[in-house]
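Protein chains in written order, with this note's numbering: chain W, 604 to 953; chain R, 197 to 815.
Do not take every clue at face value.
To be verified - Rough simulated footprint, nothing fancy, chain R against chain W, three-plus residues with beta-carbon under 8 Å:
1) 671 to 683
2) 687 to 697
3) 702 to 713
4) 784 to 796
5) 941 to 953
Everything labelled a hint here was simulated from the structure, so no lab data went into it.
Quick reminder that beta carbons are idealized off the backbone N, C-alpha and C, glycines included.
Read off the chains here:
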Amino acid sequence: MSYQKSSFYHPRLPVNDLGLTYRDYEGALSTLCAGCGHDAITSAIVQACFELSLPPHQVAKMSGIGCSSKAPNYFLNKSHGFNSVHGRMPSVTTGANLANRDLTYLAMSGDGDSASIGLGQFAHVVRRQLNMLYVVANNGVYGLTKGQLAATADKGVTNKGGELSLFSDIDLCVMALQLGATFVARSFSGDKKQLVPLIKAAMSHQGFAFIDIVSPCVTFNNHASSTRSYDYVHEHITTAAVTDFIPVKTEITSDCQAGVCEDICLHDGSLMRIHKLQADYDTKNAMKAINDIESHKQKGEILTGLFYLDPNGESFHDVNNSSDTPLNQLKQEVLCPGNRVLSSINDSFR
Amino acid sequence: MSNTSSSKQVNTCQSINDFVVRFANTNGTGSASANNMFAKAILRMGIPVSAKNIFPSNIQGMPTWYEVRINESNFLARRGGQSELVVAMNAQSLLEDIDSVACGGFLLYDSSRALQTHEIRDDINYLAIPISAICQKEYQDPRQRQLFKNVIYVGALAALLNIEFDVLKTLVGEQFRGKDKLITPNIYALELGYQYAHQHFQCPISLRVERRELINNRIMVDGNTATALGAVYGGATVVGWYPITPSTSVVEKFASYCARLRIDPATGKKNYALVQAEDELAAIGIAIGASWNGARAFTATSGPGISLMTEFLGLAYFAEIPMVLVNVQRAGPSTGMPTRTQQSDILACAYASHGDTKQVLLFPQDPFECFTLSAQAFDLADQLQTPVIIMSDLDLGMNDHLTAEFIWDDQQEYQLGKVLSAQQLDELDEYGRYLDVDNDGICYRTLPGTHPDKGAFFTRGTSRNRYAGYTEKSADYVENMQRLTKKFNQAAKLMPSPEIKQSSKRAKIGLIFFGTSSHAIPEAIQQLKDHGLSVDTLRIKAFPFCHSIIDFINDHQDVFVIEQNRDSQMRTLLSNELAIAPNKLNVIANFDGLPLTSLFVVNKVLEHFAQQSSTSQTG
Ligand SMILES: Cc1ncc(C[n+]2csc(CCOP(=O)(O)OP(=O)(O)O)c2C)c(N)n1
Ligand code: SF4
Ligand SMILES: [Mg+2]
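Isolated chain W (complex conformation) (with noise of 0.2 Å):
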């Protein structure tokens, strides 16, 4: 079920550029478990949204299967939505996005969702270079079918019922590096302040975003073996990098200190500031990047931040050579060459 939400508004909430309050941004009630971390990340995106001045209806929300795939329910209420078959997100979002180069594509997925049965999906949508923003909110579990492993799992893990993670763990992060995605990053639910600014930037970027968010699940995943437990992950974090996203509207005042502070122009002419923690962290070199995530796992840490960011890279429509129009806008005579080009198509069959 989906709640509708109160409707009172209070008078001086803030509003943004498009004189729009949070709550514009908002969905219906989530029926998501009280602590889910997939609801942190629907209030993180709601903050983005809001503070990149996003008008809603032009952002489409697209989702597979899974507790994680409701969660577009629960944020964005005047956008449409999609929620798809299981493991399929990826293909409806390619073609949503053929038929309107203009909307801003922002995909919700899980790990059972992405990594397991839409493992292919996920590996030709990033090939493909589709110009959207896709999250999945990585529990380590099925949440929806209640608490099997994922295919993200830690090998030697154990799930709520004691089943022990037998095999090597899939790295989406590690994937979309090796296939090209020109914004990659990690993230935790519970860690807002990293959270929302990649959120932002990763909407404003031009060219297929990713971001895995370590979400627990508070149900089934959220014991003392596991790896994507509050506790664990709040002992075990390390982030490269700590970001801020400035709008290309707002006057860059941000302070920082210089040596440790790296400004990237994205393509609509924002900047993604990059505060380096560890100060040789290099967000040009996803083989770096993959060599990272990999050393830091072995220590048993989860490494979160922004790893690979290509501003400049090319998306589907720049390599198909789509017309500026989107397509679902073109004409029936635009479309349609009529009968005097098709009696010529005749006279080739005679």
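With chain W held as given, fit chain R with the ligands onto it using these hints.
This is chain R with the ligands only, laid out in the frame that chain W set:
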């Protein structure tokens, strides 16, 4: 004429414009374009002709046949049986090919290797041409030696069958337009064969063609090309696909027509997008995503691809998303006979996906209908907000057929169905995606991005209420499912109606068929008449069915459902959907993977009556 005479005294086949030529080749040797040229030459001489390519699921080195039927009465289905003339170019299948010559018929073969005694039949005529030896002498390059063999036998056939040589020369000129260097050597090779035949045989032989004016405005083209063109004219802009025979050329042709017709003249940019997806699940997902977002989109597949697409077909049915799926059917189950034809996905498509689902199907019979129905499918999908499946088959899709020329009414406008604009949304008091405002089961869609704060909804494959909100309330679920039934019944009104041919004095026998089975029917009617049986016919063009089908069935004492699958799937669908007693429908089911012949139909009908009279005698 010593070379052509047979030892036994048999009647040599004689015919003008009514015979079958069967070419036996090895695939990958370039025979296809030469054989094609042969068929096209007959067409250019104004004589009705059909060509069936019987090819293996293999790229090189396997036997492949090309059957050309020439028939002035326009009986252009595969005739079946033996052929009057066989061109045997494949040593591997030679014995089989010799057997396939009709008594009194002709075998043209490459006599560079002498025939063995067991390869000699005394009731047929041998046309010996040392084709390999000629090529060996004329050409140095091994590739040319191979390719020109085919052209040489076409040249020889021109002499033997009295094909106008100028027609062939024109065809060569057209085929190699832009590669003009190839024209002279090809014409030279034609002449080599032509001269050889003239010098060694009495030309023409007793089979021959004579110019007629029987083609009128018809064209000769394969169904996949027509379907692709229909999609271009129907306004499709987004395609997701995954290669599979025999559907591949639908998308390939779509791509090549788009490259010609859909490039923005000012910017050079594409007014379409095509994605070769990772599999059929993604292919249909792309089509659904694009259609959801208001573009016209399709995918094309066959056999195994249909199985993979069923989950998504259920989503599109239930979430009410338009899309077009082209199913070029092939022989199943599983990988089956990938290069043979069948109509065996009727039930899999009509009820595609789990739960209570029903899908809209269209059954084109020829390339003209492939074109027309393909374009119309996009209107129907948009009007009904549901998938529309075009049920073609390998014979229709991949073989060239003589068909009415394509026409497009420039006045006709795309029917985009019930999609609300921002202004319409502003004028509404209340919007519910699944509110049955017009009481026809079809509700109003909105497209993402239309209005800043009205009309957004959540599309889902889970149960929902009228306002697209998730619900598990039984009443809401039932209401929605019943509305979908209402919509499906409504769909029947928009479907092309069946083609009924009924004599004024109603016949006792009624034949029901669909798709390519229709090719064999005119000839079957004629043959049945010769047996004193007159028949009425009904050709199904779409599912959901029109009610006129029930009347037709009730009006005929003996009704036969003719189809190309083992389990008489259309019969099942008819009984099930129209509440017709199954025993009212007699089965004529051809499922050997080859196009249906009239002979098969006639024999089954005669068998039926023979059985009936024997049981009535004994009982
Ligand atoms: C084809 C198919 N198989 C199985 C399911 C059942 N199913 C629903 S959600 C789910 C797993 C979801 O896990 P994940 O994507 O990690 O989401 P979470 O609930 O953990 O957020 C499964 C297996 C389904 N809906 N469809
Ligand atoms: S089961 Fe787990 S993932 Fe699903 S809503 Fe509950 S806490 Fe979240
Ligand atoms: Mg999960």
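Hint check:
no. : hint       : result
1   : 671 to 683 : holds (count 6)
2   : 687 to 697 : holds (count 8)
3   : 702 to 713 : holds (count 4)
4   : 784 to 796 : violated (count 0)
5   : 941 to 953 : holds (count 9)
Violated hint: 4 only; the structure is consistent with all others.
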